[in-house]
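As you go down the protein sequences, you meet chains L and B in turn. Here the first sequence is numbered in our numbering, starting from 25 and rising by one per residue. Here the second sequence is numbered in our numbering, starting from 7 and rising by one per residue.
Don't take every hint at face value.
According to the in silico footprint, chain B covers these stretches of chain L (three or more CB under 8 Å from chain B) [unchecked claim]:
| hint | region |
| --- | --- |
| 1 | 111-120 |
| 2 | 136-149 |
| 3 | 226-237 |
Which chain B residues face chain L? A few, computed with CB under 10 Å, are given here [what the hints assert, rightly or not]:
| hint | residue |
| --- | --- |
| 4 | I80 |
| 5 | Q101 |
| 6 | T108 |
| 7 | P109 |
| 8 | N218 |
| 9 | T222 |
| 10 | E241 |
It is worth saying that the hints were derived from the structure and are not from the lab. A virtual CB, placed ideally from N, CA and C, is assigned to each residue, including glycine.
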Amino acid sequence: MVMKEATAGKMAGAAAADQAAATRGDWGWLTARLISLGIVLGAWEIYGRLFLSPAVFTYPTAIARAFFQLTVSGELAAAAAQSFIVLFIGWLSGILLGIPVGLLMARFRLVERSLDTYVNALYATPTVALVPLIINWFGFTTLARIVIVFLFAVFPVLINTFQGVRNVEPNLIEVARSFCSSESRLWGDVVLPSALPYIVAGLRLAIGRALVGLVVAELFTAIAGFGGIIERSTSAIRYDRMMVPVAILMIVGVGLTEGLRALERWLAPWTARRA
Amino acid sequence: MAVLTKANAIRVASIILTLLVWEYVGRRVNPILFTYPVAIVGAFYELIITGELFGFLLQSLQVLIYGFTAAVVIGILLGVIVGRFAAAEYAIDLQVSALYSTPTVALVPLIVLWLGFKVPAKTFVVFLFCVFPILINTQQGVRAVDRGLLEVARSFCSSERQLWKDLVIPSALPFIVAGIRLAIGRGLVGMVIAEFYTSITGLGYMIVRYANNFETAKLFVPIVVLALLGILLTEAVKHIEARIAPWRRLREEA
Numbered sequence: 025m026v027m028k029e030a031t032a033g034k035m036a037g038a039a040a041a042d043q044a045a046a047t048r049g050d051w052g053w054l055t056a057r058l059i060s061l062g063i064v065l066g067a068w069e070i071y072g073r074l075f076l077s078p079a080v081f082t083y084p085t086a087i088a089r090a091f092f093q094l095t096v097s098g099e100l101a102a103a104a105a106q107s108f109i110v111l112f113i114g115w116l117s118g119i120l121l122g123i124p125v126g127l128l129m130a131r132f133r134l135v136e137r138s139l140d141t142y143v144n145a146l147y148a149t150p151t152v153a154l155v156p157l158i159i160n161w162f163g164f165t166t167l168a169r170i171v172i173v174f175l176f177a178v179f180p181v182l183i184n185t186f187q188g189v190r191n192v193e194p195n196l197i198e199v200a201r202s203f204c205s206s207e208s209r210l211w212g213d214v215v216l217p218s219a220l221p222y223i224v225a226g227l228r229l230a231i232g233r234a235l236v237g238l239v240v241a242e243l244f245t246a247i248a249g250f251g252g253i254i255e256r257s258t259s260a261i262r263y264d265r266m267m268v269p270v271a272i273l274m275i276v277g278v279g280l281t282e283g284l285r286a287l288e289r290w291l292a293p294w295t296a297r298r299a
Numbered sequence: 007m008a009v010l011t012k013a014n015a016i017r018v019a020s021i022i023l024t025l026l027v028w029e030y031v032g033r034r035v036n037p038i039l040f041t042y043p044v045a046i047v048g049a050f051y052e053l054i055i056t057g058e059l060f061g062f063l064l065q066s067l068q069v070l071i072y073g074f075t076a077a078v079v080i081g082i083l084l085g086v087i088v089g090r091f092a093a094a095e096y097a098i099d100l101q102v103s104a105l106y107s108t109p110t111v112a113l114v115p116l117i118v119l120w121l122g123f124k125v126p127a128k129t130f131v132v133f134l135f136c137v138f139p140i141l142i143n144t145q146q147g148v149r150a151v152d153r154g155l156l157e158v159a160r161s162f163c164s165s166e167r168q169l170w171k172d173l174v175i176p177s178a179l180p181f182i183v184a185g186i187r188l189a190i191g192r193g194l195v196g197m198v199i200a201e202f203y204t205s206i207t208g209l210g211y212m213i214v215r216y217a218n219n220f221e222t223a224k225l226f227v228p229i230v231v232l233a234l235l236g237i238l239l240t241e242a243v244k245h246i247e248a249r250i251a252p253w254r255r256l257r258e259e260a
């Protein structure tokens, strides 16, 4: 008992030391990263101004100027509105279909066996290959872009939901059954809570893929959204303008992924600690 | 592993039912918009006989192999360096994670302008799609080496080279192969997108051309080939993964 306490004390001490080191490390890490980023941007700026013709590439301050111009002219806001609506509706419909189908496949063997071949095959297919077909079907419309984003987003949600339900601790289900838990309470109290972290991880994977789908759809149709600006600016050899949506997409990608990661940590702190 | 299980019977029944319904509905829809299984089989036969399919498939595979190989070599090398030296990690990890979360497709028009419409541009696109999962997984694999084992190796005066050969590389290997599995799927996507943009070669070009001509039956041929390629490559890497690190699979199945 005493020895146990001593070990525990030592471990707590070690943990505290680790924590302190981690905090110190965090600051050093942040500074090092910022310095590195500053060097990259500075070198790019100097090299771009001195040696690169605007027909080859651009440099950071020119991109900032283009960002300002596109904001003032209202082009950027219009493109952002078009892109985010498509992204959001497509992602949401992916969730609204993916979660119920995933649950049904996990609960009923007949549903699983009828659908799993298609789900696996479609998930392994590069979804981009279907983009021209979908555009032939729906035309150069908002609906076509929503369908494309949906197709990119739905499978990670579906597959993660399925896996999450399947990975519920069998003992817990057995205990719940033994205590005569009804099907609905079993789902509400045991299955859904333990599947939740998987589902949120699926949403996180889905948003990354949805962004890819959005850009592919917009580049392909070349008339709307961020992809439209990229495509038009590239044809006009205006790289400063072209890089504005690229930078925004980069920030949106990192932001949404990190946001969902934070949600994951909040919903299921134990998975974060394990990883 | 019996093939004739009830589960497989349901799967086969479901596939046959889908094909029949597709055939029935497909024949009643305008062929400009949709097609049916028998027509796709006919298109397959035609494209194989003319040699078109294999020609385009070879062009695609060439780009995929070049880009993927470059990504494996550079990704593992950089991952090992970043995993071993903290300074290297601080220097590049912000850029790496930003590029990894950016939809790489947004950079494709730029790459095409820089590198042209031929094999180098497409190879570079595939490389960009593949390299980050390999790099990040290698780094994590190197990081995840058991500290106790490292300490033992150091205590027994293992040289740096021996340490890597006997301990670090073997324990990082499963991570690296998992990274390669993620990369191959992304590589296929990159290949198709690059071919959409650069045109005139590969399966991606076949898709764009038949879509523009509204030859929907032929359009499905490269789509089916890409689906098969995706399944085949992923399964192959999974197989390698199971051989290299069988304990992982055991853990997953348990």
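Each hint, compared with the structure:
Counting residues of the region 111-120 of chain L whose beta-carbon sits less than 8 Å from any beta-carbon of chain B gives 0, not enough to reach three: the coverage restraint is violated. Under a criterion of three residues with beta carbons nearer than 8 Å to beta carbons of chain B, the stated coverage of the region 136-149 of chain L is upheld, 11 such residues being counted. Counting residues of the region 226-237 of chain L whose CB falls under 8 Å from any CB of chain B gives 3; the rule of at least 3 is met. Because the beta carbon of B/I80 sits about 18 Å from the nearest beta carbon in chain L, more than 10 Å, this interface hint is broken.
Because the beta carbon of B/Q101 sits about 7 Å from the nearest beta carbon in chain L, less than 10 Å, this interface hint is met. Below 10 Å, beta-carbon pairs count as interface contacts, and B/T108 has one with chain L at about 4 Å; its hint therefore holds. The beta carbon of B/P109 comes within 4 Å of a beta carbon in chain L, closer than 10 Å, and the hint placing it at the interface holds. Look at B/N218: its Cβ gets to within about 8 Å of chain L, closer than 10 Å, so that hint holds up.
For B/T222, the interface hint holds, the least distance from its beta-carbon to any beta-carbon of chain L being 7 Å, beneath 10 Å. The beta carbon of B/E241 comes within 9 Å of a beta carbon in chain L, closer than 10 Å, and the hint placing it at the interface holds.
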